[in-house]
Structure formats: C-alpha cells, structure tokens
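Using the sequences and the hints given, assemble the complete structure.
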Amino acid sequence: MSALPKVEPDPLAFTLRPDGHGSWIVEGPCNGCGGIFVSREAALEFARRERRVLDEVARHVCYTPPANAVETLPGPAVRLVS
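Position 47 (the sequence shown) corresponds to 47 in UniProt numbering; numbering is contiguous.
Honestly, the hints are just simulated from the structure, not real lab data.
We treat Cβ as the ideally placed atom computed from N, Cα and C, and that holds for glycine.
Among these hints, one or two may not hold up.
To be verified - What follows is a set of in silico ranges between Cβ atoms, one per label pair, in the way DEER data are often shown: (1) S39 / L4: 32 to 42 Å; (2) V57 / G35: 27 to 37 Å; (3) C33 / R59: 11 to 21 Å; (4) V53 / S23: 20 to 30 Å; (5) D10 / R40: 18 to 28 Å; (6) V53 / I25: 17 to 27 Å; (7) E56 / G35: 14 to 24 Å; (8) P11 / R49: 15 to 25 Å; (9) I25 / A3: 37 to 47 Å; (10) R59 / P9: 13 to 23 Å; (11) T15 / V57: 16 to 26 Å; (12) A58 / G22: 29 to 39 Å; (13) E56 / E8: 14 to 24 Å.
See the structure below:
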C-alpha cells in the first residue's frame, strides 16, 4: 500500500489546447461551457473565472457530494493538452 494519498481527477476540470492556427480551445466539464480564444492567457483567464463559479455552485446548500466520496487530493483544475 502506498503512503501517498490517492489523487482523483477533478470533475470540474477544464481542458485547454491549441487549435493549430494560433488560437486556444477551452472545453469545460462535460462540454458544458468553453470557447475559442485568441491567446493562451485569455483562455486561462476564462477557465479560472468559470472554475470559481463552478466551485461556488458546488458549495451551494443543495449540493451533496457522492456517497462513496473518500478523502483525496484534488487533481488539476486545468489540463493543458498539446
């Protein structure tokens, strides 16, 4: 058994990737939001802003975590794909 805690993927993570034409594509969780941006910085700012909103929704009084949730370290909130 490993002494390191298990790292689960973040269900609210965004994926950022270049489109091959100088723009950046952002895909939100379950493709619920996203867009095409002229710069990496603009794409990252969008992902950070939207992530804060999703975190607030997850803290809402009506939100209930899965019953089988275990204590884990969060995975990355933004995945960069080349």
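Evaluation of the provided hints:
1. For S39 and L4, the hinted distance range of 32 to 42 Å is satisfied, since their beta carbons lie about 36 Å from each other.
2. One distance hint, 27 to 37 Å for the beta-carbon pair V57 and G35, is violated here, with the actual separation near 19 Å.
3. Under the hint 11 to 21 Å, the C-beta atoms of C33 and R59, about 18 Å apart, fit the expected range.
4. Separated by about 23 Å at the C-beta atoms, V53 and S23 satisfy the suggested range of 20 to 30 Å.
5. Remark: the range hint 18 to 28 Å for D10 to R40 is upheld by a beta-carbon distance near 20 Å.
6. Take V53 and I25: their Cβ atoms lie about 20 Å apart, and the range 17 to 27 Å holds.
7. Distance hint check for E56 and G35: the Cβ-Cβ separation is about 20 Å, which falls inside the suggested range of 14 to 24 Å.
8. Between P11 and R49 the beta carbons are some 18 Å apart, a value that agrees with the proposed interval 15 to 25 Å.
9. Taking 37 to 47 Å as the suggested C-beta distance range, the pair I25 and A3 conforms, at roughly 38 Å.
10. Hint check: R59 to P9, Cβ distance near 20 Å, so the stated range 13 to 23 Å holds.
11. The supplied range of 16 to 26 Å is met by T15 and V57, whose beta-carbon atoms lie about 19 Å from each other.
12. Here the CB-CB span from A58 to G22 is close to 34 Å, well matched to the stated 29 to 39 Å.
13. Between E56 and E8 the CB atoms are about 21 Å apart, so this pair conforms to the stated range of 14 to 24 Å.
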